[in-house]
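**Student:** Given next are the chains, with one letter for each unit.
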Amino acid sequence: MSIEAFYIILTGALVAASSALLGSFLVLRRMAMLGDAISHAVLPGIVVAFLLSGQRESTALLIGAAASGLLATFLIELLHRKARLQEDASIGISFTWLFAIGVLLISTYTGQVDLDQECVLYGEIAYVPLDQVSLGTIWSGPRPLLVSAILFALTLIYLLISFKGLKLLSFNEDHARSLGIRTQVWHFSFMAMVSLVTVLAFEIVGAILIVALLVVPAATAFLWTRSLIPMIVLAVIFGVLSSFGGYYLAVGINGSIAGAMVTVAGLFMLLSVVLMRVLKRS
Amino acid sequence: MSVVNQGYKGAVLEVHNLSSSYNRKPVLWDIDFRLEAAQLVGIVGPNGSGKTTLLRNIMGLMEADSGYVRLFGKNLNEVREKVSYVPQRESVDWQFPVSVREVVEMGRYRPKNLMKRLGAQDHDLVDQALEKVGMLEYAQRQIGQLSGGQQQRVFLARALAQNADLYLMDEPFVGVDAATEDAILKVLSDLRDQGKTVVIVHHDLQTAYQYFDSMVLLNTRLVAYGPRDKVFTRDYLQEAYGGRLTVLSKLSQVIASSEFPVREKGFKEKSGLGDAAD
Ligand SMILES: Nc1ncnc2c1ncn2[C@@H]1O[C@H](COP(=O)(O)OP(=O)(O)OP(=O)(O)O)[C@@H](O)[C@H]1O
Ligand SMILES: [Mg+2]
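So the sequence lines, in the order shown, correspond to chains A and B.
In this text, residue positions in the first sequence follow the working numbering: the first is 1, and each later residue adds one.
In this text, residue positions in the second sequence follow the working numbering: the first is 1001, and each later residue adds one.
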């Protein structure tokens, strides 16, 4: 394996693993489409952060995206709880509206915004090795790899801290609230993490395919086990394997790596469904 | 049998002029009642009469339009540890990947211990709760592999693990067979005998009279509340259930049988035996 291949696979694996960790709870909370919503809703945040900072590679983008992801979460809650709109309608309205604002901003500031739409939609994981960064003499390597590693660490720490809170909230929100637990804190912190993962993926696998990384490995894992921790571990494994498989599939047929990753994740899902049926019969 | 004094003399639950609505459609209208400690209380009324809404209002899960609730003479937030809420069984996804024990452990979760591991005392309470509802041997089972009656027992065990003084349960007898119904009732009667108060939403008139010491009869408005003999009259029931023919004909059966003391005595003896065994 060349060092470039190693960098690409590792970056993909870290993003996929972070997505799988959070995606497990999205799937269990029946909020898979909220991942989709947030992946669109982060656009205006990214554009605004870009306009303000003038850079494509900055923490400002992450903050902007996380902020508009949270704004979307907040809007959805507002429409659903206060205006008493159905939840799916609230989601549909919030994210398309924010996405529209993003599109509007991009089209208004075309001269200044150098945001490649192809890149937003499909990511550019293949260019990971080209974007080098060095931290003094300690470490030097691809910047996306470093960012993904930090993100994975953050996600893991977040999940360790909030595991019980998320479990309680996901299983029975009314019961959690009756215990005096502030479920909104867990809900919003969780959505902030989903926003963060989503925006990172924005430059690696693209805004659309991240939804697949959030949902597919977790849903596949759910087919195999009915215990929470094994499910999360399995989801991470499926995510990491998709990164490996996707890279070699893409190289084999000379196609998009991000597309291949998601294709492989989908194949795992299909294979699992078929295997389950066969196992049940025998 | 000794009644453990819970250290509180006034009403355990007071609901004051409570009104509540969904989409501006009133669901509860000016509800006002108070319940004393150490009783089994039934909240009874037809479908859609606001029983679930009443419990959700008491637990602060939805905002009332007007009125307020006092628990042990205080605001809910000051006495949360003493109150346990059991939602309707349908309110959770039973395919959720957790085991029976994990669900019952959730009864020990508190805002303060949410980032820590449960202690030895918590695990003891969980074991005791599982034991009481006869689910100890199923502790490691995934909840998706339980029958409806077993699911109800798990919910009951989660509430027992909370070790509260007031229990609010939404339809704990739905989907259980006669044996499980007896077992659950036995656990609830024991709680009552320990001086705890158990409020149960129940929709079966036939058994309501047997089970409860007091009743709250509801149909958007409060029809009546108090000792069961005061509430369970033809007039009040007719008022709550309206002119629905099938219900009315059932009612006369129920009232007839409730004037027939053998059933009631049968139940008392049953719970009496249970106490002796303790
Ligand atoms: N989420 C909701 N949105 C709108 N209306 C609701 C909602 N939940 C309940 N309602 C309405 O409020 C009224 C009271 O409902 P509630 O669930 O409190 O009744 P209930 O007495 O518990 O009935 P059941 O015996 O069927 O459980 C009903 O007319 C119902 O249609
Ligand atoms: Mg109800």
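For the record, the hints were derived by calculation from the structure and aren't laboratory data.
Idealized CB from N, CA, C, for every residue including glycine.
Check the hints yourself; a few may be wrong.
[What the hints assert, rightly or not] Take a look, some chain B residues computed to stay more than 12 Å from chain A by CB distance:
no., residue
1, 1036
2, 1063
3, 1077
4, 1097
5, 1112
6, 1149
7, 1162
8, 1190
9, 1219
10, 1226
[Said to hold, decoys possible] The calculated lysine to aspartate or glutamate pairs, modelled on EDC-like cross-linking and capped at a C-alpha distance of 20 Å, are:
no., chain 1, residue 1, chain 2, residue 2
11, B, 1230, B, 1190
12, B, 1132, B, 1177
13, A, 164, B, 1177
14, A, 164, B, 1229
15, B, 1025, B, 1014
16, B, 1132, B, 1181
17, B, 1112, A, 124
18, B, 1230, B, 1063
19, B, 1112, A, 174
20, B, 1116, B, 1081
21, A, 82, B, 1065
22, B, 1112, B, 1081
23, B, 1025, B, 1036
24, B, 1082, B, 1181
25, B, 1082, A, 124
26, B, 1132, B, 1102
27, A, 82, A, 4
28, A, 164, B, 1193
29, B, 1074, B, 1124
30, B, 1112, B, 1093
31, A, 164, A, 174
32, A, 164, B, 1213
33, B, 1132, B, 1063
34, B, 1082, B, 1030
35, B, 1132, B, 1122
36, B, 1025, B, 1081
37, A, 82, B, 1063
**Student:** For each hint, tell me whether it holds in the structure or not.
**Tutor:** A quick look at each hint next to the structure:
no.: 1; hint: 1036; result: holds, 22 Å
no.: 2; hint: 1063; result: violated, 10 Å
no.: 3; hint: 1077; result: violated, 7 Å
no.: 4; hint: 1097; result: violated, 5 Å
no.: 5; hint: 1112; result: violated, 9 Å
no.: 6; hint: 1149; result: holds, 19 Å
no.: 7; hint: 1162; result: violated, 8 Å
no.: 8; hint: 1190; result: holds, 22 Å
no.: 9; hint: 1219; result: holds, 24 Å
no.: 10; hint: 1226; result: holds, 27 Å
no.: 11; hint: B:1230 / B:1190; result: violated, 24 Å
no.: 12; hint: B:1132 / B:1177; result: holds, 18 Å
no.: 13; hint: A:164 / B:1177; result: violated, 33 Å
no.: 14; hint: A:164 / B:1229; result: violated, 46 Å
no.: 15; hint: B:1025 / B:1014; result: violated, 24 Å
no.: 16; hint: B:1132 / B:1181; result: holds, 14 Å
no.: 17; hint: B:1112 / A:124; result: violated, 44 Å
no.: 18; hint: B:1230 / B:1063; result: violated, 31 Å
no.: 19; hint: B:1112 / A:174; result: holds, 18 Å
no.: 20; hint: B:1116 / B:1081; result: holds, 18 Å
no.: 21; hint: A:82 / B:1065; result: holds, 14 Å
no.: 22; hint: B:1112 / B:1081; result: holds, 12 Å
no.: 23; hint: B:1025 / B:1036; result: violated, 31 Å
no.: 24; hint: B:1082 / B:1181; result: violated, 25 Å
no.: 25; hint: B:1082 / A:124; result: violated, 56 Å
no.: 26; hint: B:1132 / B:1102; result: holds, 16 Å
no.: 27; hint: A:82 / A:4; result: violated, 51 Å
no.: 28; hint: A:164 / B:1193; result: violated, 34 Å
no.: 29; hint: B:1074 / B:1124; result: violated, 29 Å
no.: 30; hint: B:1112 / B:1093; result: violated, 26 Å
no.: 31; hint: A:164 / A:174; result: holds, 15 Å
no.: 32; hint: A:164 / B:1213; result: violated, 38 Å
no.: 33; hint: B:1132 / B:1063; result: violated, 35 Å
no.: 34; hint: B:1082 / B:1030; result: violated, 26 Å
no.: 35; hint: B:1132 / B:1122; result: holds, 15 Å
no.: 36; hint: B:1025 / B:1081; result: violated, 33 Å
no.: 37; hint: A:82 / B:1063; result: holds, 11 Å
Comparing the model with each numbered hint stated earlier shows that hints 2, 3, 4, 5, 7, 11, 13, 14, 15, 17, 18, 23, 24, 25, 27, 28, 29, 30, 32, 33, 34 and 36 do not hold.
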